[in-house]
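Position one of the sequence shown corresponds to residue 1 (this note's numbering), numbered consecutively onward.
Treat the hints as calculated values from the structure; they're not laboratory data. Yeah, the Cβ is synthetic: ideal placement off N, Cα and C, and Gly gets one too. Just so you know, not all the hints are guaranteed correct.
For lysine to any residue, the following SDA-like pairs were computed, each having C-alpha atoms within a straight-line distance of at most 20 Å [claimed, not checked]:
#1 K433 / R479
#2 K106 / L80
#3 K352 / T270
#4 K433 / P457
#5 K500 / R479
#6 K644 / A620
#7 K514 / P457
#8 K350 / S404
#9 K106 / V124
The calculated label-pair distances, taken between Cβ atoms and stated as ranges, are [stated by the list, open to error]:
#10 T206 / V623: 44 to 52 Å
#11 E77 / E127: 42 to 50 Å
#12 E830 / D795: 52 to 60 Å
#13 D836 / G41: 13 to 21 Å
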Amino acid sequence: MKIRSNIFQRFLCLFLLVWLLTEWGAEVPFADAQDDLMVVGLLIRGKEVDMVEVLQREDAFLLPLISLIRAIGATIESSLTTERLITPLGSVSIEAGELLEINGIKYIHQRTVEERLHITVAFVPEEFALSLDIPWNPGAKERSAAVSELEAQFHPPRFGLSTFREKISYIEREGESVSTSSTLLGGRLFEGAWRIEFDSDFNDLTGMRDYTWYRSWNNTLLQLGQQHLALHPLLTGVEFTGLQLGWTNQPLERFSLTSTPRELLPRYSTVVQTFRGQAAPGFLAQLRVDGRIVDYQVVGLDRSYEFTDVPITSGALTQIEVYLFDYHDARVPADIHEFTVTSSSLLLPKGKHALLAGIGGSGNPLDEFIQPELAQPLELQSFLQWRQGFSENLTIEAAVQQHSDAFQVQAGMIVRAFESIILEAAGGLSNDKFAYNVNLETIFPRWHLLANSSFFPESYSLWSDSGKNRTHSAELHYRINDSIQVGIKGTHHETETEQKAFVLPFATWSLFSKLFLRAMPNSDGDYGFDGYTWLTPATRLSFLVEDTTSVELSRNLGSRYGVSLSATFEDGRLGEYAAIFRRHAGQGRDPYLHTGLTVRDDSIYYVAGGGVDLFPGIQAEVVYQGQALDQTRQESETYTLMFKLSTNFSMAGGRLFPASTESLRRNQGAIAGRIQVQTSPDSTKTYDLENITIMIGPARRVRTNHFGNFFCGNLQEGVYPVELDLENLPFELVPERTVLTARVAADAATRVDFVVRPEYGIAGRITDHTGNTLQGAYIELLDEQGNMIKHTLTDQFGLYRIDGLPPGIYRLRAATQSPSDPFMASPEREIEIVDDFLFGQDIQLPTLSQ
1 MKIRSNIFQR FLCLFLLVWL LTEWGAEVPF ADAQDDLMVV GLLIRGKEVD MVEVLQREDA
61 FLLPLISLIR AIGATIESSL TTERLITPLG SVSIEAGELL EINGIKYIHQ RTVEERLHIT
121 VAFVPEEFAL SLDIPWNPGA KERSAAVSEL EAQFHPPRFG LSTFREKISY IEREGESVST
181 SSTLLGGRLF EGAWRIEFDS DFNDLTGMRD YTWYRSWNNT LLQLGQQHLA LHPLLTGVEF
241 TGLQLGWTNQ PLERFSLTST PRELLPRYST VVQTFRGQAA PGFLAQLRVD GRIVDYQVVG
301 LDRSYEFTDV PITSGALTQI EVYLFDYHDA RVPADIHEFT VTSSSLLLPK GKHALLAGIG
361 GSGNPLDEFI QPELAQPLEL QSFLQWRQGF SENLTIEAAV QQHSDAFQVQ AGMIVRAFES
421 IILEAAGGLS NDKFAYNVNL ETIFPRWHLL ANSSFFPESY SLWSDSGKNR THSAELHYRI
481 NDSIQVGIKG THHETETEQK AFVLPFATWS LFSKLFLRAM PNSDGDYGFD GYTWLTPATR
541 LSFLVEDTTS VELSRNLGSR YGVSLSATFE DGRLGEYAAI FRRHAGQGRD PYLHTGLTVR
601 DDSIYYVAGG GVDLFPGIQA EVVYQGQALD QTRQESETYT LMFKLSTNFS MAGGRLFPAS
661 TESLRRNQGA IAGRIQVQTS PDSTKTYDLE NITIMIGPAR RVRTNHFGNF FCGNLQEGVY
721 PVELDLENLP FELVPERTVL TARVAADAAT RVDFVVRPEY GIAGRITDHT GNTLQGAYIE
781 LLDEQGNMIK HTLTDQFGLY RIDGLPPGIY RLRAATQSPS DPFMASPERE IEIVDDFLFG
841 QDIQLPTLSQ
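Produce the entire structure from the sequences given, and follow the hints as far as they go.
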């Protein structure tokens, strides 16, 4: 029985082996055939890159896998069952059964190369080589390679003051004066951002406008303090002090918070869309938005391209084009894929949602404490808002708002249909009253329709004094050509006290930038006319006709100066005319000025004013207007004097940096720093550090001021690369590093300093004892301790140059040809570099006998 069992086991193993070999041979293109061994060259772009041994089988070739991967600029990752080939267009997994191993060398079939890697293989008899037509540059990197997350070298402060802004205003009129100031302070506290803004008359506080603390955790937001809310047109806007929470799975940079404390996740957000398509592997896909090139990528081995998060203009027709260029010819597109889309900033992408909730008390308690006459009873307020993107074309929203014992409820949707129609519809309940608001926008290449219908019944608002309000309006625009646009506008508006209705046409005519004319009815149905024309490249005539008529003729006197003549008519009579001379500000602390005369009510007034940046971060403005002569032609003392002083600074790393108002958004931060020159204590040289470009991330650029300081605000939270552009940096200054990384936090300025040091050089000529120049003479430069730090050889004219030397004391010596020659025949020369290059450091070598 044991013998029979062994025989059975051997038979079973043999059967399985034969079956596996049969199945393996049937799946791969390696049949039982005679192979011819050939040594051929590999050609890429007509250039031979390698010589390899291949096997010819009938009309196809078997190529050595490792040699092929090396030639095409790819890499390989091996496992027990697969070989993963990583190319610049992506990766491909090759099963072990698709390869043939002979004498320890793995071969891949030509058909597999062409089908899986999209590489055309052709035999070139005259070259006796295989030509590989690869759809990428062999030196390119893998398209799908992940970019490692930046690690910050510089971090924002954890607590303290980071923003300081002060506005001082002084107004004096006929001997009476008023002085006011507005102060804003901001900084970091408990991993969040705090902000306080208050008004003063230099004696007492007159108002507390903002006191909030803000923090974000990934996509969760928290705001504590005084806030203004307007959740929806059907919900009454309120002011409350308390806690607000927000959560979303959409990137926070899509939501733009203002400088005032409002909703953490506004209804309006940046519109983005993803565009996908198919093309041949290796093709260059170039994305154009309304004719502008904004991005490009190489089509991968999966024959697809994908442009994600492409910004789309809300409420307009956006032309998206993808130009596809063959990798053999990048001059003329092989194909163009077109997408024409429109969108609304109210739409959320599919699967994205935003949730807001809050609770607190009504009003502004601190402001009411400062101004008791404004005090109101403190009442409980709360709210909840939910918005969900169910598809790219449908967003549902709902909200509830509570004020004391009153509730308001709202529900609605935003729909995009046929890629050209945007519909926003919502209904609301308040005080047992129903209200609605519907907006319709239709956009086609030539037609644009805007329509609205809304109804608010009496006492719908949280405030009891609200009346009934019903509005129906529509505007239809038709673009005849690039110059002429016509349309019709209609409105029916009804309240408890008035009613108005009209349907009127309008038109706009623009001729490039030379001429513009427009006739448009206002909300009351009264026509307004405005326009301008350039009489000459420097002379502009403009007018505006409404309740009054204004005409202005202005002329530029060069790039810095201008003069204007204006007149205003009312009821057909001349009301006011003026002649003003202006000087525009230049760069730096160059002031802007204006002065002139105005005539009004038979009196002549003169006006003068101007402004200047006193220092970086400090601006001053003054305006004076006085009455020169009245109708009796006697001197008058009527005058008005206005003076404004503004300061705006950010604090980073214990230093003040001039800032700008764009840094004031509460969910954003800034990067500030300077170019710091490391010099010796004896150095007196100054360097021009103005207008040096600093690049933050892929899109932001700022320039340094006179002191080498720079500031970049309005940055979303995250880690940014900060790069020093060397173009305008004085050539003798060498940075320790040109790229640094910094983390940005809300309402904080992260300090990033670029350390540079001066480096100079020496140059001279080496001659022999007869005065003839020596080619190939060897020069050594030693430091004070006698250590060799630099060496070089003279050129054919006996000249040498050594660069990259910081200020210091050095010793210079030379030999005829090599370091083995005796330097003792050449006396050492001591040189000192202070603040400049040293030329004329000539050395004459004596004879060896000397």
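Do the hints match the structure? See the list:
1. For the hint linking K433 to R479, the alpha-carbon distance of about 41 Å lies beyond 20 Å, and the restraint is violated.
2. Restraint check: the Cα-Cα separation between K106 and L80 comes to about 14 Å, which is no more than 20 Å; the hinted pair holds.
3. For the suggested pair K352 and T270, the alpha carbons sit about 13 Å apart, so the restraint of at most 20 Å is met.
4. Taking the CA atoms of K433 and P457, the gap is about 7 Å. The hint holds against a cut of 20 Å.
5. Proximity of K500 to R479 is assessed by CA-CA distance (about 28 Å); at most 20 Å being required, the pair is judged violated.
6. The suggested pairing of K644 with A620 holds, with an alpha-carbon distance near 6 Å, which does not exceed 20 Å.
7. Our distance criterion of 20 Å between C-alpha atoms is broken by K514 and P457, whose separation comes to about 48 Å.
8. Using a Cα cut-off of 20 Å, the hinted pair K350 and S404 is violated, with the two alpha carbons roughly 36 Å apart.
9. As the CA atoms of K106 and V124 are separated by approximately 24 Å, the hinted pair breaks the 20 Å bound.
10. With their beta carbons about 23 Å apart, T206 and V623 fall outside the hinted range of 44 to 52 Å.
11. The given range of 42 to 50 Å is broken by E77 and E127, whose C-beta atoms sit roughly 32 Å from each other.
12. Evaluation of the 52 to 60 Å hint for E830 and D795 yields a failure: the beta carbon distance comes to about 25 Å.
13. Separation of D836 from G41 is about 57 Å and departs from the stated range, judged on CB atoms against 13 to 21 Å.
Comparing the model with each numbered hint stated earlier shows that hints 1, 5, 7, 8, 9, 10, 11, 12, 13 do not hold.
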